[in-house]
Amino acid sequence: MQALLRVAVVAALVQLTACSNIEPWVKPYERANLATEEMSFDRNPVCESYMNHVFEAREGARGASGSAGGGCGCN
Amino acid sequence: MAQVLPDDRADVLYHSYDGGGVTINGPSLLARKKVTKDLSLSANYYVDSISSASIDVLSYASPYSEKRTEVSVGADYLLGDTILSAGFTSSDENDFKADTANFGVRQEIFGGLTSVSLGFAQGSDEIGQVTDPDFTRDADRRLYRMGVSQVVSKKFVMNLDFEAITDEGFLNNPYRQVRYETVGGSGFLWQPEIYPSTRTSSAFAVGGRYFLGEGSVVHGNARLYTDTWGIDAWNAKAGYTYIFRSKWLFDFSYRYYTQTAADFYSDLFPYVDAQNFLGRDKEISTFNDHSLRLDVTYDFPVEKWDFLKRGTLNLSYSYMLFSYDDFRNVLDGSPAGSEPLYDFNAGVVTLFVSVWF
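Chains as they are written, first to last, in our numbering: chain A, 1 to 75; chain B, 1001 to 1357.
Be aware that one or more of the hints could be misleading.
[Unchecked claim] Okay, derived cross-link-like pairs now, DSBU-like style, lysine-lysine, Cα gap no bigger than 30 Å in a straight line:
1) LYS1067(B) with LYS27(A)
2) LYS27(A) with LYS1155(B)
3) LYS1097(B) with LYS27(A)
4) LYS1154(B) with LYS1247(B)
5) LYS1247(B) with LYS1097(B)
[Claimed, not checked] Just so you have them, the derived chain A footprint on chain B, three or more residues with Cβ under 8 Å:
6) 1255–1267
7) 1328–1340
[What the hints assert, rightly or not] Derived contacts from chain A toward chain B, CB cut-off under 7 Å, selection only:
8) PRO24
9) TYR29
10) GLY60
Derived by calculation from the structure, the hints in this document are not laboratory data. Virtual Cβ for every residue (Gly too), placed ideally from N, Cα, C.
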């Protein structure tokens, strides 16, 4: 069992090493459009954190929305 | 696209929520600064001033006002293609205190095309009751997060996020009540709600932004959610960002959310102590909500201030409509169980100034 585990770990490391050699299919000089402000996921962190809090206090679902926790203010 | 620390910036924000008999407003202040080329520190101060005459409050209590203060500090450390993060948040109300510590790591791979992040947070809540100074209960929370950000093409980036949260302890609200039918009549009485002492939830989200042309971007995201209380939910959002004359940014978006009720939820229980667990919070009922949002950003000139690189004035407005499928308006006065279903709308405003230095 331990031998199997060792083989799995070595195989995983080889895979990871291989990954680092993958040729990027979008070259750094082709990423200008992606670096613009309008393409940012996190343009206004304070505002987004607040809006996530507004939803989390009123909806049953939580998580995977980038919100920080703490308190409720929902009664 | 090597890993970089977040920009040095400061934000001063005013927020306001008004809906369903509840008004909440207050400031939020954020400052973030690189203290060395590898280390960025941040701090956030946030206040909710709450004035509530919600349907729950009017049904079995009296309107109240209270204040919640939240303070967060954080550090991000750049190590090659990796960013290590740690932070601490403390939230304080007169009857509720929550402390959360969080840790994260973000690693770039595939020549910067992919960014993988892992996060963990541990929180502890202390719940009190203003009407009973001797009442104290605890709850613990653990959060596990994994995310992938992927450059798909020269015009398209996407995010995948998974987050699992487990809670243990006193998870209900000490003031909230459930109602049950009185024997042989059309009336009802109230008793305190009883929630399970554990809850585990999983949420999976996918989002993307597509570059249409200079200053023009469409974006969207969707989330699936499930938990051990029986709540299943999903939401989706679509939006459009447009830059006008390089100084103005407009963002329009629409969001839809829907969920099923928790297994122990009922608007009207048949008799007192009808189940081991009893819940009538509208947040765990079956409902949906729609949100329309407009954000406007204006880049104002900063030449007068040498230490500033950029400054923006921002306004965000959201209109929300909540419609409940099994939560009735008991204030209507109709016989128990035949009241109209409840709904309400809300307006949310944030007004803020951001500066980069």
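Each hint, compared with the structure:
no.	hint	in the structure
1	LYS1067(B) with LYS27(A)	51 Å, violated
2	LYS27(A) with LYS1155(B)	12 Å, holds
3	LYS1097(B) with LYS27(A)	49 Å, violated
4	LYS1154(B) with LYS1247(B)	24 Å, holds
5	LYS1247(B) with LYS1097(B)	42 Å, violated
6	1255–1267	holds (count 3)
7	1328–1340	violated (count 0)
8	PRO24	3 Å, holds
9	TYR29	10 Å, violated
10	GLY60	4 Å, holds
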